[in-house]
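*Asks:* Here are the chains, one letter per residue:
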Amino acid sequence: MIVAEQKPINEILDMIKDLKKVLVVGCKGCVTVCNVGGEKEVSILATSIRIARKKQKKEVEVGEKVLERQCDPEYIEELKDIIDDYEGVISLACGVGPQFIAERFPEKLVFPAVNTKFIGGAIEHGVWAERCAGCGECVIHYYGGMCPIARCSKSLMNGPCGGSNHGKCEVSPEIDCIWDKIVRKLMAQGRLDDLLKIRPPKSWLTARDGGPRKMVREELAK
Amino acid sequence: MTEYKSGSNLEKVLKAGHFAVTGECGPPRGANVELVRKKAQYLKGYVDAVNVTDNQTAVVRLSSWATCLILKQEGLDPTFQMVCRDRNRLAMQSDILGVAAHGIKNMLCLSGDHQTFGDHPEAKNVYDIDSIQLISMVKKMRDEGKFLNGEPIDVPPKLFIGAACNPFAEPYEFRVYRLAKKINAGADFIQTQCIFNMKRFREFMKRVVDMGLHERCYILAGITPLKSVGMARYMATKVPGMDVPEEIIKRLKGAGKGKAAEEGIKIAVEQIQELKEMEGIAGIHLMAIEWEERVPEIVKAAGLYPRPKVD
Amino acid sequence: MQEFRPKIIAFYCSNCASSAADVSERMKQKISENVKIVPVPCTGRIEILHLLKPFEKGADAVCVLGCQEDSCQYIRGIIQVKKRVEHVKKILEKIGIEPERIEVFSLSASKGDFVDVINKMIDKVKNLGPIY
Amino acid sequence: MQKGKILVIGGGISGIEASLQLSSLGYGVYLVERSGDLGGKIPDLHRIYPICSCCKLNTKVFSCKQDPNIKVMLNTEVESIEGEFGKFEVTLKEDGNFSKINVAGIVISGGFEPFDPSVYENYAYSHPNVLTSLEYEKMQKPFSEGIKRPSDGKVPERIAWIQCVGSRDINRCDAPYCSSVCCMYALKEALNTKEINEKIDTAIFYMDMRAHGKGFERYMNDALEKGVRLVRCRIHTVEPNGDRLILRYVDEKGEPYKEEFDLVVLSVGLRPSKETVEIAKKLNLELDEAGFIKTDLFGRTNVSGIFACGSVCGPCDINQAIVQADSVALTVSSLIEPEPFSSPERPPEIRDIKDEEPKILFAYHICPEMKEAEERIERVTKDLDLVKVLKVEDIKGEISSSIKETSANRVIFASCTPSVHKKTVEEALRSCGLNPYLYETVDLRLIETDEQLKERILYAIYRLKKDLPLPVTEIPVEKHALVIGGGLSGLEAAVNISEAGYPVTIVEKTGRLGGHALYVKETWDGMDIKGYVRELISKLEKSERVNIMLNTEVERSIGTAGRFLTTLVQDGKRIQIRHAVTVIATGGEVARTDEYLYGKSDKVYLWSELSKKLLEEPEFFKSIKSAVFIQCVGSRDKDHPYCSNICCSFSVKTALELKKLNPDMDIYIINRDIRTFGMKEILYREARKSGIVFIRYDLERRPKVEEKDGKLNITVFDPILQRDILIEADLLSLQTAIEPNTNEISEIFGIAVDQDGFFRESPEKMKPVDSTKEGIFVIGIANYPKDAKECIEQARAASSRAISILKKESIVKGGAVAEVDPGKCAVCCTCVRTCPFHVPYIDHSRGAAYIDPALCVGCGICVAECPGKAIKMPYLSDQMLLQTAEILLKE
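Here the protein sequences come in this chain order: A, B, C and D. Letter by letter, the first sequence follows residues 1 to 222 in our numbering. Letter by letter, the second sequence follows residues 1 to 311 in our numbering. Letter by letter, the third sequence follows residues 1 to 132 in our numbering. Letter by letter, the fourth sequence follows residues 1 to 891 in our numbering.
It is possible that some hints are incorrect.
[Said to hold, decoys possible] Partial list, derived from the structure: chain B residues whose beta carbon lies under 10 Å from chain A:
| id | residue |
| --- | --- |
| 1 | Tyr42 |
| 2 | Leu90 |
| 3 | Ser94 |
| 4 | Asp95 |
| 5 | Asp113 |
| 6 | Glu151 |
| 7 | Val155 |
| 8 | Glu170 |
| 9 | Ala185 |
| 10 | Val269 |
| 11 | Gln273 |
| 12 | Glu274 |
| 13 | Trp291 |
| 14 | Tyr305 |
Rather than coming from a laboratory, the hints here were simulated on the basis of the structure. Only a predicted model underlies this, so the values are computations on that prediction, with no experimental measurement involved. Ideal Cβ positions, reconstructed from N, Cα and C, are used throughout, including at glycine.
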């Protein structure tokens, strides 16, 4: 899933400081599951805004709405009937949501309330970790099912650098050295030969380096 | 007549079978050419080649290639260092051509410390290719006369290719294979991380020799004289992949107040003596960090002065 | 000028805070009328929004009175709510409200701290003055 | 088998508990009490360590009074008992009227009476400022005047407690035993005094501080921290000096001291109740040397059909009395077929009140002294939307009759500790065909004004109108018991439950049954434990109802009383079993140590090793010339701040045994206190008589052990001689702490442990073998270190309570539980991960998480965690919680 985190509330308040009517819009997709943009967080943000503006003695009217997903235009359409009551929209979806809203309602101000972080999963309750960098050409089968592109701080493709330390990355003891894991796993599997092969430089053409990406599936697209 | 890959002084010394000594010069944090020249004077005549670091520890410094040029003017044989952090494959290849064009003949290929350690932690890193891919790219440019994309180079760069090796980083059991991988990729010489734990290094070298890796490439053992107990502690705890055994720290402490530096140099000299006898070791790489002025003394004490002249 | 009498909402665990209240009673301590106490079966039920809402509705402070971390009948209730209170503190701080206006307390069954902690809270909030 | 009803003589806590337990096992019970009410001595106590007593007892008292199968007969004495086992004919006398009843068995639970100190002239008991501990306790009770000096009503500045008055003394009071409870009650009284007025100096004069029970040592440390003084000496004389009293004593060093106090409290010991002993004598029951009724392990007296329990059988605290009462009920049920007065009534079907107009009944329960509160309630409730306001004594009975009378469909219950009465209120609602969760409670404590009370009642009314609990369902009880742990306690429980006719699965981690008991020769009073355990094992092996699973561990367990689902792993294979009750007896281990040359010298043993060696090679000890025991090794210290209870008795008992093997052996027991509580005191006396030397040490001055020339050299500071002495020894036994095996099990079952790692008892209190979760019983060493006899008693008590659950046909679940809305569920697994009890799972056929209402405990944690707001708890809805501030802050 897409993992995101909420922006500091003061930043959000600053974005909307000149508005009197805002609509807070959540999404029931990834951001609900990662506890950042579902029904719960919509209410928390809306309440926080009300308290803050009451404190600032600046009137505000905050609406609350949660959409099924903000990455499909049909659901964005559901805002049609209520959006006119507001000057601006705060989206708690990943980076896709506010853009879809902005595209659909060009006259409205749209604000992102979350920072989209990475593609990852929950390794335990409340802890998410990055697993994929969206490079466009998956190579994890060479590496025991682990991705050095997303999970090595230096995206090294040919083995651990000299900074690997007790299974942790030189960048921070919070980060696992993925190469330590890859080496141990492949050696345990008796795949030393694979480790000794020199992997050639990767083509980044499939990644974002090749320009903004778009995908058309001929068999699906109209 | 011997066939040289680049014909650098270092390559010649090694090929002639001498026990090589390389030094290191950290470029200044500015365009202070005088400082570079001063450091060069300390080293001149005492080392066979001088490594010039490339934004070491991700701190911005005078560029490696520019510093190399100054050293060359001072009559030293510089080793151009390049890390994968700051350049993509285009910039790398053009810089490689650049140094070769100016007569620089050694190059050390590294991954580079992560930028979060340095003075611009907000920077975007590149890591387009990794150090091993860099080694093979340089080799391809030199030996096949081709760019990475396979297109021909008009006058290929002649460089003696080096790589780094840290026998003390984890996973230990893999380190010797990683060394093999670098040699397979095309490394002509290896400079190791500073060695303090001689026991572990002996074990490592035994595996290197067993695998015959020392016959395929020159291995220079990294030596850093310790200036103080504080420095030793810092190295032991703060620098990733560094193994400073407690007895070394004890020994420095035991030397008494104000005498730790002398003891540090003594330890370094003892290490060099042992390394001279160690099978598979072709020389040492002396990294006297911000302590270049003591290099002559160490080289002399280790019986490695004067340096041989090979033509 | 009229004295400022802070309005406080106190959620409390009807299992554990109960014994602490008992001791307070015995020590003849009193609770101010402006403190509104709300029993819940376990403080683990209290969400961030429940803690935030009273501020919108005019409370000057909110507190949660639960059990000791190692004696929660539902094992993790008090631990969870403590984290949520921490989160609410961060929100309050960022919107310019003193984070001390929300607190969570683990009461000890043997000490009469039920009223004690509430009174301390009242004193603290009195010093802070009204929010709005 | 005999069949019939049971007579219980004595309405103190053991009699009450025995009656309730017998009733739940199906008996009709006559509960006869001489005085005007049930409860025995407890109503006089200010608090029961560590909490308030009256409410907890009241629940049990009223349960007795309401129970159609318990006939409570107050102001009644037993005139005569004729006949024999199965056919006793008892004549009772009530206010001069005689009546006859026929019973199959008799349980005597006549309790104790405090020792009368007036026989001692030297304690100046006739002085107004010298009180017994019970008299002092009455003075401390809530709503009474507070602590005053009786002679002039002044607040005392200094109070002294004198321990062992009428205990541990054969010279003058004929009490060779230790009364077990006095050290703790003195600490409690002193600590309560400090809490009421911390300026009062409190000093306890004692010989050995016997804080040997669960949580006692911490309580003692807490008292010390709060400034309670402990002075080690025996006080011989109390000298009156006007209103004050002088105590003269010499400390251990022989230094004389003189202190003056305003009050002196005599910590009087326990004696068997005189009246009961008289009955016992009439029945020819055997008494022990101290005059208590002699029973076997199961509570049987020498006369068949007559049983006894509680402090009439020897000094015991409230928890032990309850355990014994439950155990004796089990014994009765194994010998007598139950005959009830009436068969249990099935409560009416639960009706749906969704469309009914809310009608709220307000019931309150308060202590008689709370006049002011009562008036306030009457004032405040007058104008509120309530169908009736009533003060209740008998909570269940009066609430249910009022519901019927007013056709109320919701209840507000107010009392000073409503959490204690919740079950009773639920039962009342259920008995009227209502969802048992249709009530709110109002805690009457800390209410000072009418406004406060009104606000709380209004909030309760609002909630009752707003939130309706989920409908409840009846779930059939799984007629199967799971016992975890194959040691003495587990075996005893498994045997009892299976003999009562229920299938039992007993799980043992290791490859053999028996546990530590296999290495114990006998108990302190000579019972052959090893043999007893072997007998239990053979019974289990023969039983068709018992499934013994060795080398098996528990992986997880969910559910509550009536229905558990537990996964076991045996040889890597997973086996799931369903059961109604869980008995956990995972035991404990003797802690290892690296002190005192343990592991370095072959002459140094852990006590468990010594016990084993003594069993296997008794010959070895004949050549030993000198043996030393060191007590409290790594125990009662920072890491183990509790007393392991049995080590003192072990050492004294073992020392005596060594003396028997080799009368010339020199034996030293180096200790911090000798805690041979209860009848074990007699053993201690015998040990001193036989020449065993006891030397006390402090944590600051521990003994030192060295090995020289094949001998152990033990140096210890003798506080009496005031110098180090050197002992040459051939053998050293180290009595280390007992550590519980509770870690993983407590997590798997979601039950709490105390600060020392032993299982915590139910928050409802006065349920010593119930864990913090209904239907899970915790017994044996894992509950707290105790001797074999107490382990067996606990196992029997737990079996007895387990059987009363197994006997039920169904349990009611629902109401205050969480429910998933499949439409909103994002199947994100948050509930699966955060439920402390591992109840939710993803049901793929629903495409949503599922929470089994039978297993949910209703904590609300998943409701709060669910990111999609898909889990509801109608009992405490979001809507309600969000409006709370609005309702309460309304100007």
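*Asks:* Hints first: check each against the structure and report whether it holds.
*Replies:* Now for the hints, and whether the structure bears them out:
no.	hint	result
1	Tyr42	violated, 27 Å
2	Leu90	violated, 12 Å
3	Ser94	violated, 16 Å
4	Asp95	violated, 16 Å
5	Asp113	holds, 7 Å
6	Glu151	violated, 15 Å
7	Val155	violated, 23 Å
8	Glu170	holds, 5 Å
9	Ala185	holds, 6 Å
10	Val269	violated, 25 Å
11	Gln273	violated, 26 Å
12	Glu274	violated, 23 Å
13	Trp291	violated, 22 Å
14	Tyr305	violated, 30 Å
Against the hints set out earlier in the document, violations occur for numbers 1, 2, 3, 4, 6, 7, 10, 11, 12, 13, 14.
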